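Participant: Turn these sequences into a full structure, and let the hints guide you.
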Amino acid sequence: AQRVTQPEKLLSVFKGAPVELKCNYSYSGSPELFWYVQYSRQRLQLLLRHISRESIKGFTADLNKGETSFHLKKPFAQEEDSAMYYCALLLNQGGKLIFGQGTELSVKP
Amino acid sequence: ETGVTQSPTHLIKTRGQQVTLRCSSQSGHNTVSWYQQALGQGPQFIFQYYREEENGRGNFPPRFSGLQFPNYSSELNVNALELDDSALYLCASSGAGTGGTEAFFGQGTRLTVV
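So the sequence lines, in the order shown, correspond to chains A and B.
Going by this note's numbering, 82 is the number at position 82 of the first sequence; the sequence numbering is gapless.
Going by this note's numbering, 55 is the number at position 55 of the second sequence; the sequence numbering is gapless.
Rather than coming from a laboratory, the hints here were simulated on the basis of the structure.
All values reported here derive from a predicted model rather than from experimental measurement.
Here a beta-carbon is modelled for each residue, glycine too, at the ideal position from N, C-alpha and C.
Accuracy of the hints is not assured; some may be wrong.
[As the list claims (entries may be wrong)] Label pairs and their computed distance ranges (CB to CB):
1. 109(A) - 60(B): 41 to 47 angstroms
2. 39(B) - 78(A): 25 to 31 angstroms
3. 53(A) - 5(B): 30 to 36 angstroms
4. 28(A) - 12(B): 20 to 26 angstroms
Facilitator: Structure below.
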């Protein structure tokens, strides 16, 4: 069965500390993975996708097929990074996105 | 370019009633997906419409149905509402029929069933 797991509901760090939000997936096909972010009082928006291999707002994520993981990392957290982060897996059939339950990142001053 | 808009923003219904939620897709997008997000959970895929045809469905009962119109706007209809249907309903539009492109989300409709 296809599944996305984000083991941490809440991650709290201090400003300037490194951040790693964990995401593991279960999928028999070739995965296409995304990180979405929802800032307070804003809509859900795409942060980055693995096929782009890009860094957005200092965040990066590498797909590790051996460990079936797609962890989101940032070397130095900023207060404005505080938000809900969702890892999502795209299924080719019908463009269905499977989301993890989300991790709330809280960056303290 | 206008973004994805949903209406209404909040709604309270009684168990057993029917509800219709609306979504206007982003300009130029022909695909609309609907998601249900219960409190403390990630969004769950309900179904997707591409060029007015259903193009994939999640594990939701038939009382969840939808429509897409020629202008690519969409409706989500839920019949015989149950208390567990209380959730945030999200609409997302994208420019391709089978994913691979960015999905743009609306702000959601908060449905409360009492």
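Participant: Each hint: holds or not?
Facilitator: Hints, one by one, checked against the model:
At roughly 43 angstroms, the beta carbons of residue 109(A) and residue 60(B) sit within the given window of 41 to 47 angstroms. Taking the beta carbon of each, residue 39(B) and residue 78(A) are about 28 angstroms apart, inside 25 to 31 angstroms as hinted. Between residue 53(A) and residue 5(B) the C-beta distance comes to about 32 angstroms, which sits within the given range of 30 to 36 angstroms. A hinted range of 20 to 26 angstroms for the beta carbons of residue 28(A) and residue 12(B) is inconsistent with their spacing of about 42 angstroms.
Comparing the model with each earlier hint shows a violation of hint 4 alone; every other hint is respected.
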